[in-house]
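K.L.:
Read off the chains here:
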Amino acid sequence: MHYHLKETLKRIFNTGWLNFVRNSYVSFGTTGVMTLVLLLFAGLMSLNFLSTKVVEGLQDKVDVSAYFKSSASEEEVASVKIDLEKNQLVKNVLYISKDQALADFKKRHAGDPLIQESLAELDENPLQASLNIKANNPDTYAEIVKFLEANKFRSLIDKINYYENEAVIKRVEGISGGIKTWGLIATLLLALIAILVTFNTIRLTIFNQKQEIEIMRLVGGSNWHVKAPYLVEGAIYGVFAAVIAGALFYPIAYFLSPKISILIPGVSLIGYFGSNFFSFIFLLLLVGVLIGVASSYIAIRKFLKV
Amino acid sequence: MIKIHHTSFIYDDEFEALRDINLEIKHGEFVSLVGPSGSGKSTLLKLLTREVLPTDGEILIDGIDLGELSARDIPHLRRKIGTVYQDFKLLSAKNAFENVAFAMEVCGADKEDVDRDVPKLLNIVGLSDKANNFPHQMSGGERQRLAIARALIHRPRIILADEPTGNLDQVNTYDVVKLLLKINELGTTIILATHNRDVVNAIGRRVISMENGRIVRDQIEQGKYII
Chain A
1 MHYHLKETLK
11 RIFNTGWLNF
21 VRNSYVSFGT
31 TGVMTLVLLL
41 FAGLMSLNFL
51 STKVVEGLQD
61 KVDVSAYFKS
71 SASEEEVASV
81 KIDLEKNQLV
91 KNVLYISKDQ
101 ALADFKKRHA
111 GDPLIQESLA
121 ELDENPLQAS
131 LNIKANNPDT
141 YAEIVKFLEA
151 NKFRSLIDKI
161 NYYENEAVIK
171 RVEGISGGIK
181 TWGLIATLLL
191 ALIAILVTFN
201 TIRLTIFNQK
211 QEIEIMRLVG
221 GSNWHVKAPY
231 LVEGAIYGVF
241 AAVIAGALFY
251 PIAYFLSPKI
261 SILIPGVSLI
271 GYFGSNFFSF
281 IFLLLLVGVL
291 IGVASSYIAI
301 RKFLKV
Chain B
1 MIKIHHTSFI
11 YDDEFEALRD
21 INLEIKHGEF
31 VSLVGPSGSG
41 KSTLLKLLTR
51 EVLPTDGEIL
61 IDGIDLGELS
71 ARDIPHLRRK
81 IGTVYQDFKL
91 LSAKNAFENV
101 AFAMEVCGAD
111 KEDVDRDVPK
121 LLNIVGLSDK
131 ANNFPHQMSG
141 GERQRLAIAR
151 ALIHRPRIIL
161 ADEPTGNLDQ
171 VNTYDVVKLL
181 LKINELGTTI
191 ILATHNRDVV
201 NAIGRRVISM
211 ENGRIVRDQI
221 EQGKYII
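Chains A and B are the protein sequences, given in the same order.
Residues in the first sequence are numbered from 1 upward in steps of one, following the UniProt record's numbering.
Residues in the second sequence are numbered from 1 upward in steps of one, following the UniProt record's numbering.
Hints may contain errors.
Partial pick of chain B residues on the chain A-facing surface, computed with a CB cut under 10 Å [to be verified]: (1) Thr49; (2) Arg72; (3) Pro75; (4) Leu77; (5) Arg79; (6) Lys80; (7) Ile81; (8) Gln86; (9) Lys89; (10) Leu90; (11) Leu91; (12) Asn99; (13) Ala103; (14) Ala109; (15) Asp113.
Below are the SDA-like pairs computed for lysine to any residue, each with C-alpha atoms no more than 25 Å apart in a straight line [as the list claims (entries may be wrong)]: (16) A:Lys305 - B:Val52; (17) A:Lys305 - B:Glu14; (18) B:Lys111 - B:Val52; (19) A:Lys91 - A:Lys159.
Simulated from the structure, these hints should not be mistaken for laboratory data.
Ideal placement from N, C-alpha and C gives every residue a C-beta, glycine not left out.
One chain only, chain A, in its complex shape (with noise of 0.2 Å):
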């Protein structure tokens, strides 16, 4: 007799698919509550991103202004630039002219006559110039203004505006970091449900086909053929699983998308999902197939003695 590895796997996979059919009640029952775990997971994974969009958002937001007096000169202003362009904590720094910023100025009020009328009656510009530096990271910034408080120029300059949005920052991660850590628990918990319906299927599964399984001991079936079957069944369960949860979550993210973009302008969730989909399909895959391999494994460990 020969031994064909082909033949083998072919055997093997077809009998974890036979058992996986021909329970099919069971099988959507099993199938269900894994699906509902990948699931959860997927918003976890939705969650994890917007939370950290909001927070390099709120990042980005987070600069030192420098207002420099009526009297510094361009050039000394791009000089006190350039040193700042030189320090490694700076990202960059934004160069704004007195006309920049009264043009700004109008701009952001051009709804206001009062202020409209207040600033045609000045002679001169009463705005600054100011430089606006943002840091490579935020925890920065006090560093980089003691070290603008450093410079030659430090007596052209006015005033310098640290905007602390630290705080902000914390909270959003704080909130954040809540949801997660609980999101993450009810995903475990679900996970351990399903591990333990999954468990079961595959229990009920050696249980029926007890008669099968003493046959092939007598007859000196490797345990291969005899314990396989069963882990593509489990597996089975997670590829299933994670394709229906697939199917929901992209309508869902689909619809959700425009939504969440108005509260956080500039992120699209579908974009995000949409751009990384093979990733994120094989990751599901690679979640569902875990748990159904892990249970079906704790299921023949305890009910198959080969």
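Given the coordinates of chain A, assemble chain B onto it according to the supplied hints.
P.N.:
Same frame as chain A, now just chain B:
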């Protein structure tokens, strides 16, 4: 060659099923293992297929110590040993051909092997015309012959038959015994556990009698069923 040295087996720390068994069975022998129910015949066979490990002593088959077999080697041992049971252990949802094919497939045989060997095996046991019959469409004797065909898939060196005629009438019993003798003539060692006096006396080969977990008599030749 089967060697059993000072082997005992205790069930659940309580019931002593086998007590200090010493036995040697040469290749090609036909051994009838007799004794009342509970005398330890089945336990002895279970030790040989490594379904259980002896509490004490050692068992060697072709020089291999069963106590030292790893889990992955057990299937290889079982491929050397064909087994036949009183309750046939056939799959009711599969026909005769499929029952034998199933056993081959779970051992990794490909379709070519199956298509070549199964008809031969069915022919050996005289079931060529019943290939498509399901077990419930066959007589007890036919079912047992089918089980024997399945036991032969690996061309085993040993066949263990545990009360194979227990559920059969006289005619069918005769058929099954005749088949076992024929297989033995082809060189396979046969160990037949039974309490059918007529069968044992008709075979007239080595007879080992057991009682209360001990071997009480070992008639090497022309053995008779004696209690």
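K.L.:
Hint by hint, which ones does the structure fall short of?
P.N.:
Those not satisfied are hints 8, 18.
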